[in-house]
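J.: Sequence:
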Amino acid sequence: MTAPSTPIIYVRLHSRIKMKLGVTLKIRHVAHVLTDPPGLEDKVLEAELMQTEKKDGSLLLVDVLQIIGQIQKTVPGATIETLGSSHTLVELIPHDRPPSKSLFILVWLLLFFGSALTIMNFHADVNMKEVHIRIVEMLTGYRDENPYLFQTAYSIGIGFGMAVFFNHLFKKKWNDEPTPLEVEMYLYQQNVDQYAVNEEYERIKKERASSGQK
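All the letters of the sequence shown, read from the start, carry residue numbers 1 to 214 under the working numbering.
These are computed hints drawn from the structure, not numbers from a lab.
Computed from a predicted structure; not experimentally measured.
Glycine included, C-beta positions come from ideal geometry on N, C-alpha and C.
What you were told as hints is all true, and nothing was included just to trick you.
Derived DEER-like restraints, expressed as beta-carbon distance ranges:
#1 128 with 32: 49 to 57 Å
#2 59 with 145: 58 to 66 Å
#3 123 with 176: 31 to 39 Å
#4 208 with 55: 14 to 22 Å
#5 164 with 208: 49 to 57 Å
#6 194 with 123: 35 to 43 Å
#7 151 with 57: 46 to 54 Å
#8 119 with 145: 18 to 26 Å
#9 91 with 181: 20 to 28 Å
#10 105 with 48: 36 to 44 Å
#11 145 with 58: 56 to 64 Å
#12 163 with 128: 16 to 24 Å
I would like the entire structure built from these sequences, with the hints used as guidance.
T.: Below, the structure is given as structure tokens:
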């Protein structure tokens with residue numbers, strides 16, 4: 001009689017997830033899992049890792065070793081293959097809060113007037129009005145001290161140029177390429193996540209050192 005083959009479990013962790021505080025964290029929340037034979041997937045995915053609590057703070061680090069340990073308890077003797085990242089950052093959300101309209105309006109006003117003042121100060125520094133007067137003079141042959149038509153077209157052009165550059169007009173995107181702001185936010189989030197991971201590993205290392213563990 002042929003001996004049963006050893007189950008093989010493939011695990012790939014998410015880089016970052018969001019969870020409500022107080023929810024029981026399971027493997028399905030932090031990882032993709034494939035098993036051979038396939039019938040073990042649900043059993044592995046439903047394995048519990050921990051109960052999230054307020055003392056965990058706003059960020060919780062789940063290491064791949066925790067996943068491996070729990071899978072070994074769930075499916076003893078299984079061969080575990082890990083792919084990708086070795087940890088998952090879990091952002092714990094205390095409770096659902098509706099978006100604050102007053103905060104949105106405040107931020108919108110700050111950004112609107114801040115960007116407007118920045119553009120106006122730049123134009124004042126480079127004497128943009130004189131530049132416009134000179135351009136109109138070169139195009140028409142006479143000097144207009146108040147070239148309102150040209151300035152109106154220039155102002156519209158600034159707004160249109162910014163919409164094209166940022167690839168956004170309200171919720172509409174011109175194409176599927178990420179905008180410069182999205183790229184910067186992505187890089188910023190990566191740096192924040194890496195910093196949080198390093199800090200968490202340092203904290204774990206200090207806790208083990210203080211308890212006499214290697």
